[in-house]
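Asker: Here are the chains, one letter per residue:
Protein chains: 2
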Amino acid sequence: MAVQLSIGARVRKSPFFQASCKAGLAAASVYNHMYMPTSYGDPAAEYDRLINGVAMWDVAVERQVALKGPDALALARLLTPRNLDGLVIGQGKYVPICNHSGAIINDPVLLQVAEDEIWLSIADSDIQLWASAVAGTLKLDVDVYEPDVSPLAIQGPKAVDVVSDLFGEWVRELKYFGFRVTELDGIPLVVARSGWSKQGGYELYLRDFNRGDDLWAQVAEAGKPYDIGPGAPNYIERIESGLISYGADTDSRTNPFELGMDKFIALDQPHDFIGKDALIAMKKAGISRRFMGFIIDGPALAATNEDRLLISFDGENAGYVSACVYSPRVGENIGVGMVSTTPIDKGQLVTIHMADGLRSARIVPLPFL
Amino acid sequence: MAVQLSIGARVRKSPFFQASCKAGLAAASVYNHMYMPTSYGDPAAEYDRLINGVAMWDVAVERQVALKGPDALALARLLTPRNLDGLVIGQGKYVPICNHSGAIINDPVLLQVAEDEIWLSIADSDIQLWASAVAGTLKLDVDVYEPDVSPLAIQGPKAVDVVSDLFGEWVRELKYFGFRVTELDGIPLVVARSGWSKQGGYELYLRDFNRGDDLWAQVAEAGKPYDIGPGAPNYIERIESGLISYGADTDSRTNPFELGMDKFIALDQPHDFIGKDALIAMKKAGISRRFMGFIIDGPALAATNEDRLLISFDGENAGYVSACVYSPRVGENIGVGMVSTTPIDKGQLVTIHMADGLRSARIVPLPFL
Numbered sequence: 005m006a007v008q009l010s011i012g013a014r015v016r017k018s019p020f021f022q023a024s025c026k027a028g029l030a031a032a033s034v035y036n037h038m039y040m041p042t043s044y045g046d047p048a049a050e051y052d053r054l055i056n057g058v059a060m061w062d063v064a065v066e067r068q069v070a071l072k073g074p075d076a077l078a079l080a081r082l083l084t085p086r087n088l089d090g091l092v093i094g095q096g097k098y099v100p101i102c103n104h105s106g107a108i109i110n111d112p113v114l115l116q117v118a119e120d121e122i123w124l125s126i127a128d129s130d131i132q133l134w135a136s137a138v139a140g141t142l143k144l145d146v147d148v149y150e151p152d153v154s155p156l157a158i159q160g161p162k163a164v165d166v167v168s169d170l171f172g173e174w175v176r177e178l179k180y181f182g183f184r185v186t187e188l189d190g191i192p193l194v195v196a197r198s199g200w201s202k203q204g205g206y207e208l209y210l211r212d213f214n215r216g217d218d219l220w221a222q223v224a225e226a227g228k229p230y231d232i233g234p235g236a237p238n239y240i241e242r243i244e245s246g247l248i249s250y251g252a253d254t255d256s257r258t259n260p261f262e263l264g265m266d267k268f269i270a271l272d273q274p275h276d277f278i279g280k281d282a283l284i285a286m287k288k289a290g291i292s293r294r295f296m297g298f299i300i301d302g303p304a305l306a307a308t309n310e311d312r313l314l315i316s317f318d319g320e321n322a323g324y325v326s327a328c329v330y331s332p333r334v335g336e337n338i339g340v341g342m343v344s345t346t347p348i349d350k351g352q353l354v355t356i357h358m359a360d361g362l363r364s365a366r367i368v369p370l371p372f373l
Numbered sequence: 005m006a007v008q009l010s011i012g013a014r015v016r017k018s019p020f021f022q023a024s025c026k027a028g029l030a031a032a033s034v035y036n037h038m039y040m041p042t043s044y045g046d047p048a049a050e051y052d053r054l055i056n057g058v059a060m061w062d063v064a065v066e067r068q069v070a071l072k073g074p075d076a077l078a079l080a081r082l083l084t085p086r087n088l089d090g091l092v093i094g095q096g097k098y099v100p101i102c103n104h105s106g107a108i109i110n111d112p113v114l115l116q117v118a119e120d121e122i123w124l125s126i127a128d129s130d131i132q133l134w135a136s137a138v139a140g141t142l143k144l145d146v147d148v149y150e151p152d153v154s155p156l157a158i159q160g161p162k163a164v165d166v167v168s169d170l171f172g173e174w175v176r177e178l179k180y181f182g183f184r185v186t187e188l189d190g191i192p193l194v195v196a197r198s199g200w201s202k203q204g205g206y207e208l209y210l211r212d213f214n215r216g217d218d219l220w221a222q223v224a225e226a227g228k229p230y231d232i233g234p235g236a237p238n239y240i241e242r243i244e245s246g247l248i249s250y251g252a253d254t255d256s257r258t259n260p261f262e263l264g265m266d267k268f269i270a271l272d273q274p275h276d277f278i279g280k281d282a283l284i285a286m287k288k289a290g291i292s293r294r295f296m297g298f299i300i301d302g303p304a305l306a307a308t309n310e311d312r313l314l315i316s317f318d319g320e321n322a323g324y325v326s327a328c329v330y331s332p333r334v335g336e337n338i339g340v341g342m343v344s345t346t347p348i349d350k351g352q353l354v355t356i357h358m359a360d361g362l363r364s365a366r367i368v369p370l371p372f373l
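Going line by line, the protein sequences match chains A and B. In the working numbering, each number is its position in the first sequence, counted from 1, plus 4. In the working numbering, each number is its position in the second sequence, counted from 1, plus 4.
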């Protein structure tokens with residue numbers, strides 16, 4: 005169904021919002037209290053650019069939570085089960101955040117940008133409130149705030165060419181999640197090798213809201229020889245790549261083991277962190293459901309799903325599919341979701357309750373590609 | 005500009021979403037990670053219903069944060085500067101919530117629904133994260149979670165007739181923010197005399213997500229004799245009534261004194277609460293800006309503002325107008341926003357930077373009506 009998005013002062017606009025509109029923004033959502041572009045009206049072209057060329061995405065909604073002060077690292081250690089030993093300026097880390105019950109409440113990338121300053125580049129929940137409540141209650145010597153930082157993503161196999169044309173050959177040497185504090189014609193930036201796709205690419209963390217149009221224009225110009233065009237986090241590609249979408253794939257009880265994040269959960273580290281006791285108990289008890297892929301029978305799906313789809317197995321509720329679509333590259337209907345370990349262990353088909361009827365599906369490991 | 009709202013599984017749908025769509029939903033936003041209806045396509049009729057008749061609003065986005073357990077009241081006391089002495093089951097209170105720096109981070113209505121259970125009916129920020137971080141860090145004996153509760157508002161001068169036809173004459177005796185736990189043909193509910201308008205009305209807190217269609221249908225049926233119709237929190241009426249919209253009117257530094265909330269900030273209570281030291285210092289220092297009304301010169305405004313509008317005074321930045329509109333009842337262009345105390349104290353005009361040019365405006369107390 006078609007509903008118009010209300011535009012008003014309550015929801016923030018990205019520094020790239022006007023440029024996105026001029027580029028033909030057709031649909032958007034809201035993420036971290038900010039408008040998030042989702043489509044420029046030509047899904048096939050947007051997918052093709054990401055897979056075979058290069059796209060630019062307004063992902064300013066990846067807001068930063070800055071932890072700044074002598075206790076910045078101590079606070080960061082409390083916030084994530086990941087062991088932060090060996091953290092260095094210039095190399096980011098993916099850091100799941102859990103509550104005291106061990107449920108996941110965000111899955112940011114952490115960037116140490118200075119000796120006493122750490123950023124969390126967050127998914128859609130108010131981690132600023134979470135982190136400042138912890139810091140304030142423990143009277144830690146650290147400020148928690150949202151800095152003036154707005155990422156613009158450049159994604160796709162040709163992204164490296166666009167970004168090296170703009171910044172120099174050094175960008176090719178960055179490791180995944182590696183970053184450098186720099187500038188572009190006086191526009192203050194962080195250049196990071198990252199982005200919410202598996203097609204390769206970079207994120208330019210704009211550090212001055214007022215330079216959004218300038219940065220967009222520079223990237224669009226540098227991208228011309230490579231046929232750059234606008235895009236957004238891609239519904240099909242994220243399923244193919246098995247990327248987790250916090251809020252879509254997770255619920256209030258989802259734990260990191262269900263999401264296959266075991267390698268980021270350092271239960272044996274000497275440092276304390278929020279959720280440790282709960283996670284130790286969960287690890288011992290094992291999981292009863294897991295985030296998996298699905299290959300879904302029947303004709304090619306004509307549309308993406310508006311709602312989570314119920315999964316049943318043996319007549320019982322067995323979880324949900326959070327996103328599914330026809331994948332041109334896989335040549336099948338594919339999906340991701342949280343499913344009971346019973347049909348996984350038995351290697352049996354499950355039933356998915358689509359809007360237009362039941363379909364059977366095979367559970368497969370992620371990613372698809 | 006017209007942008008379509010993306011509908012997908014990441015953002016939740018209200019239990020009234022399908023009913024809202026059938027009723028002609030035209031535009032929506034996102035609030036507390038849930039779709040929030042904002043228009044049914046006929047703003048004049050929606051305003052008229054609210055002012056002269058009765059309207060039903062899907063405001064399930066007013067999510068509840070439940071504090072349940074022996075320390076529920078102790079946690080609630082920590083969370084708000086308001087003195088909670090004398091709290092009783094059946095009478096809600098408006099409770100601003102501040103962070104450790106004294107900035108406002110939400111302004112919920114608190115409802116004590118049982119001896120050991122308190123709900124916060126929140127504006128758009130993740131107070132569940134805030135409250136559970138405080139509770140977990142202090143090891144309080146309280147669970148913090150989102151219960152299955154979704155308000156449906158019935159607003160307007162005839163709301164009392166609709167609601168008394170449904171529930172009985174006792175609803176007329178409820179005080180403002182008074183409530184009762186009850187049911188309607190087996191649908192579990194809380195009926196409260198409240199709502200985000202000054203036209204009188206009730207909110208039915210649905211306690212079973214699966215009964216959304218049933219409740220909507222019952223209210224629509226009971227409202228027929230009064231010409232009930234769908235609506236949403238109203239842009240014009242909220243300005244006329246001077247209601248605060250958290251997020252639109254506030255920024256990361258807004259304190260409760262700037263919002264005129266002095267009577268809710270009990271600095272001399274014996275109980276400790278978060279932000280107390282900061283608020284004592286602010287009270288002593290006084291404020292430099294205040295949330296006020298504006299009467300804006302020039303022809304009737306043709307549209308609502310998409311962005312905050314800069315206010316200037318004597319050539320200097322003097323704040324922002326967060327919402328403005330032509331009011332049929334006031335017969336003027338009116339607005340609300342945060343403005344420097346200098347022009348207030350001097351009783352002088354300010355300049356508002358509209359999208360199409362400058363206009364002068366007179367600062368006036370709230371509400372307009």
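Keep in mind that the hints were calculated from the coordinates and are not lab data. Among these hints, one or two may not hold up.
Any copy will do: because identical chains look the same in the list, a pair fits if it lies in one copy or spans two.
List of simulated lysine-lysine pairs, DSBU-like, C-alpha gap at most 30 Å [claimed, not checked]:
{"hint": "1", "residue 1": "K17", "residue 2": "K267"}
{"hint": "2", "residue 1": "K280", "residue 2": "K72"}
{"hint": "3", "residue 1": "K288", "residue 2": "K179"}
{"hint": "4", "residue 1": "K72", "residue 2": "K287"}
{"hint": "5", "residue 1": "K202", "residue 2": "K26"}
{"hint": "6", "residue 1": "K143", "residue 2": "K72"}
{"hint": "7", "residue 1": "K280", "residue 2": "K143"}
{"hint": "8", "residue 1": "K26", "residue 2": "K267"}
{"hint": "9", "residue 1": "K288", "residue 2": "K72"}
{"hint": "10", "residue 1": "K280", "residue 2": "K97"}
Asker: The structure should be examined with respect to each hint, and the outcome stated for every one.
Answerer: Structure-based check of all given hints:
When the C-alpha separation of K17 and K267 is checked against a cutoff of 30 Å, the pair qualifies neither within a copy, at 36 Å, nor between copies, at 34 Å. When the C-alpha separation of K280 and K72 is checked against a cutoff of 30 Å, the pair qualifies both within a copy, at 24 Å, and between copies, at 23 Å. Proximity of K288 to K179 under the C-alpha cut-off of 30 Å is found in neither arrangement, the shortest distances being 34 Å within a copy and 52 Å between copies. When the C-alpha separation of K72 and K287 is checked against a cutoff of 30 Å, the pair qualifies only between copies, where the shortest distance is 27 Å, while the shortest distance within a copy is 33 Å.
In this assembly of identical chains, K202 and K26 lie within 30 Å of each other by CA distance solely inside one copy; the values are 27 Å within and 40 Å between copies. Proximity of K143 to K72 under the C-alpha cut-off of 30 Å is found in both arrangements, the shortest distances being 14 Å within a copy and 26 Å between copies. For the identical chains of this complex, K280 and K143 are neighbours both inside a copy (21 Å) and across copies (14 Å), given an alpha-carbon limit of 30 Å. In this homomeric assembly, K26 and K267 never come within 30 Å of each other (Cα to Cα): the closest approach is 43 Å inside a single copy and 47 Å across copies.
When the C-alpha separation of K288 and K72 is checked against a cutoff of 30 Å, the pair qualifies only between copies, where the shortest distance is 28 Å, while the shortest distance within a copy is 36 Å. Taking identical chains as interchangeable, the C-alpha atoms of K280 and K97 lie at most 30 Å apart only when both belong to the same chain, with a minimum of 19 Å there against 36 Å between chains.
The structure fails hints 1, 3 and 8 (numbered hints given earlier, in ascending order).
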